[in-house]
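Engineer: Sequence:
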Amino acid sequence: MKARLLWIVTLTFLIVQSMVLVAPLPSTHAATSSEYGYDDSQVPAKYKQAYHDYVDYDDQLEPLQEYEQIALTIFKENKKFKASDHRSSYVEITGIALPNYKKFVKGVQKVYTPNKDLARMHKIYVKGANYQLQGMLLFQKYLSTKKLDPSISKKANTQLAIANKLLTQFHKEMNAYTAKFSY
0 MKARLLWIVT LTFLIVQSMV LVAPLPSTHA ATSSEYGYDD SQVPAKYKQA YHDYVDYDDQ
60 LEPLQEYEQI ALTIFKENKK FKASDHRSSY VEITGIALPN YKKFVKGVQK VYTPNKDLAR
120 MHKIYVKGAN YQLQGMLLFQ KYLSTKKLDP SISKKANTQL AIANKLLTQF HKEMNAYTAK
180 FSY
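Counted the way numbering that gives the first Met the number 0 counts, the sequence shown spans residues 0 to 182.
Read the hints as simulated data drawn from the structure, not as lab findings. Everything numeric in this text was worked out from a predicted model, so none of it was measured. Possibly wrong hints are sitting among the right ones.
What the hints assert, rightly or not - Computed beta-carbon distance windows for the label pairs:
no.: 1; residue 1: K140; residue 2: K179; range: 20 to 26 Å
no.: 2; residue 1: K179; residue 2: R86; range: 45 to 51 Å
no.: 3; residue 1: T157; residue 2: D116; range: 26 to 32 Å
no.: 4; residue 1: P113; residue 2: R86; range: 41 to 47 Å
no.: 5; residue 1: E76; residue 2: D148; range: 18 to 24 Å
no.: 6; residue 1: N174; residue 2: S40; range: 19 to 25 Å
no.: 7; residue 1: K102; residue 2: K122; range: 18 to 24 Å
Even for Gly, the Cβ is constructed at its ideal location relative to N, Cα and C.
With the hints as extra help, turn the sequences into a complete structure.
Structural biologist: Below you can see the structure in the form of structure tokens.
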């Protein structure tokens, strides 16, 4: 009974701690950052619509960043574990990382893209996020058994590598898109 109570208290502490310690990421794009003084007046006329489309798009993504940050922080912390104690990693990934990342993916899928360029890049983003989710789910499956199956870990890592490639591509293309109106 005491061991179970200790386990519940520890898990509750980890959940609360992860939510308190992990702050949402600031926007990675300077174009929307007021601290640098970017606004509509500094954007060349031929890029004003692209700028406004981007701001609308980024505003939709901003509230989702907290879910992504929590999920990825917990996932990365638990990706390296001791084989003898993989159960706690399973609990944190199942209880914290996956629910947050699922909320993130669901939200990203609902984002409206105001122009063709953003729509094309957003497809890459959604695809990368889905691969990342699949990799996380496979890693959860890997941790769920008493005897760890390296083939499941390999599949998870393959999904995560594909996700990384797609998300890197998205960020490169988005940086090129915002470079038009970022100074």
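Engineer: None of the hints should be skipped; say for each whether it holds.
Structural biologist: Structure-based check of all given hints:
1. K140 - K179: 20 to 26 Å: About 43 Å separates the Cβ atoms of K140 and K179, which means 20 to 26 Å is violated.
2. K179 - R86: 45 to 51 Å: With Cβ atoms ~50 Å apart, the hint holds.
3. T157 - D116: 26 to 32 Å: holds, 30 Å
4. P113 - R86: 41 to 47 Å: holds, 46 Å
5. E76 - D148: 18 to 24 Å: holds, 22 Å
6. N174 - S40: 19 to 25 Å: Since the Cβ atoms of N174 and S40 sit about 22 Å apart, the hinted range of 19 to 25 Å holds.
7. K102 - K122: 18 to 24 Å: Once the Cβ atoms are compared, 20 Å apart, the range 18 to 24 Å for K122 and K102 holds.
Checked against the numbered hints listed earlier, the structure breaks hint 1 alone; every other hint is satisfied.
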